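Since the structure of chain A is already known, use the hints to place chain B on it.
Line order of the protein sequences matches chains A and B. Count the first sequence with the UniProt record's numbering and you get residues 1 to 266, in order. Count the second sequence with the UniProt record's numbering and you get residues 1 to 313, in order.
Treat the hints as calculated values from the structure; they're not laboratory data. Every value quoted in this text rests on a predicted model; they were computed, and no experiment measured them. C-beta: ideal position from N, C-alpha, C; glycine also. All clues stand as given, with none of them false.
If you only want the chain A side, here are some residues facing chain B, beta carbon under 10 Å, derived:
id : residue
1  : G10
2  : G13
3  : S27
4  : F199
5  : R221
6  : L233
7  : G236
8  : Y255
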Amino acid sequence: MKIWGKAGYGVTGGALAILFLFPLLWSGYASVRTGSGFGLENYDRLFTSDNGIRLHHVVNSFTVSALTVGGTLIVSTLGGYAFGRFRFPGRDALFLITLAILMVPYATILIALYVLLGWLGLQDSLIGLSLVLTMFQLPFSLFMMRNSFEAVPRELEESAQVDGCNSFSTLLRIMLPAVRPGLITVGLFAFLASWNEFFAPLILLNSTDKFTTTLAVVNMRTAGHGSIDYAALEAGVVFMAVPCLLLFAFMQRSYVRGFASGALKG
Amino acid sequence: MTMQRPAPAADAAATTPPPRRASRARRRSLVGAAYAAPTAVMVGLFFVTPLLLVVWMSLHKWPLLGQPTFNVPDNYTGIGDNQLGGSAVWFTVKYTVIMTVLLFSLALGLALLVQNRRRGVGFLRTAFFLPMAVGFASASLLFLGLLSDEIGPVSDGLRAIGLVDGYVSWTSGSGTSALGSTVVLVLWRFAGFNMLIMLTGLQAIPLEVYEAARIDGASRWQTFRRITLPLMRPTIALVLTMMITGSILAFDQFWILTRGGPDNSTTSLVMVIYREAFIRLDLGSAAALSVVLLAVLVVVNVVQLGVLRRRSH
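For reference, chain A alone in the conformation it holds in the complex (with noise of 0.2 Å):
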């Protein structure tokens, strides 16, 4: 009964397991499959086609996911250094209105967004998509910010100031370094949602040139007139995933966590 019950946990478990690695190991495979037999051609098409994607989109990509994170990690850093540490009038409001991104989808504003930015004359921009893509990560780093100051013990800060440092420099050399896992998160998070955002690039970029690597994949889909190239359109899926997954690769620990912490926010 038991050895049955290890066996069925055995078999029940790798099944599954099969099924979800299968579509990630199939679109490696069919990225490399050619014709006769393997080869990058498939590659070759995604970069070269006529609507493939081209250096610039990714460049824009990297760009947009640059500018997220830093916007993302100054501000929360500020903002969270601030809720964890100060208080002063309209704490409480503006902490609550944070969270309340989290209850308005971005989906509903962003017909309001697009027309902000062209007042702001950020239309069609890569800053503009990038300060909207930060402030989407707000509530969740604000929040993950916040609780990583909570934690420092405070005698840390006070011997600092002790020592005559001000409120800026106890941030800069004292807490930054307390706080680098949440630091890690924050960033890991912010990348992971920028590199891979669809629907807000989809709306505040117009012209092709500014498409990030995303946009110009699915173009690849939804512009090509006729058949679609399937294989190269998995080269790309992968060349999308790869930076993901080795990022996951290498900071599973903190990825999960997040995850687990930002999912329990509520």
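Chain B only, in chain A's frame:
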């Protein structure tokens, strides 16, 4: 009148801490506000303003180019006449119910499967969670190829075992198969994420409670129904809220995998909003649809929060 003015100040000085400490606290509160300023600017500019703007836009005829004109309540009454809108509402509701039931069952099943430490559990958790590392748009494209008749192995495999014959178009053949393809994609991509959240809920239940139930002679099923489920309520409510909200807002998977077809049978509400705004170039009626959707989601969230609060007391 002028005599009274100094009085409160003197009063305050008498009751509050000495002036030096008071001014230090004031300074500290200003410093705190300064650190919070970037957050306030971001939230004010890119959240509060668009939130008010979308309501304002919904009261206007707002073309993509040109001057907006006040036209209340045309955008709202127009929603009823929008035929695609009507079918999209029903489709979105149907999709939300199907998706939530299946995703919840699968995620809970996986969480129960990997909740105990034993050999290979770490591998299983990673395998179930790994699809989450692929972006949702990329995952949709992955499935487009996987399910295609040209390079995908699914049709070939099913033909080999005799379940289907001939050409099968999973993502555009019929409304049912297009919906089914999308459901499988979302299950694959999100089951592991929800499993992980439920796992943290499961592991928060103290082992002593299970011990006590075992001593009382409770069966596995009884333990699950009487202990696990009730103690998991906050987690379950949270997971259900996220699933429902996510499904109501479905866009990427339909835009990329099924393109809303065949014959608009998989056109979701957010796709209709996109169409109104950027294909029919009528931002006002897109805004009206957004406001209605927003109201529905706020109600869903408030109800869920209420249930969550009442039950955890």
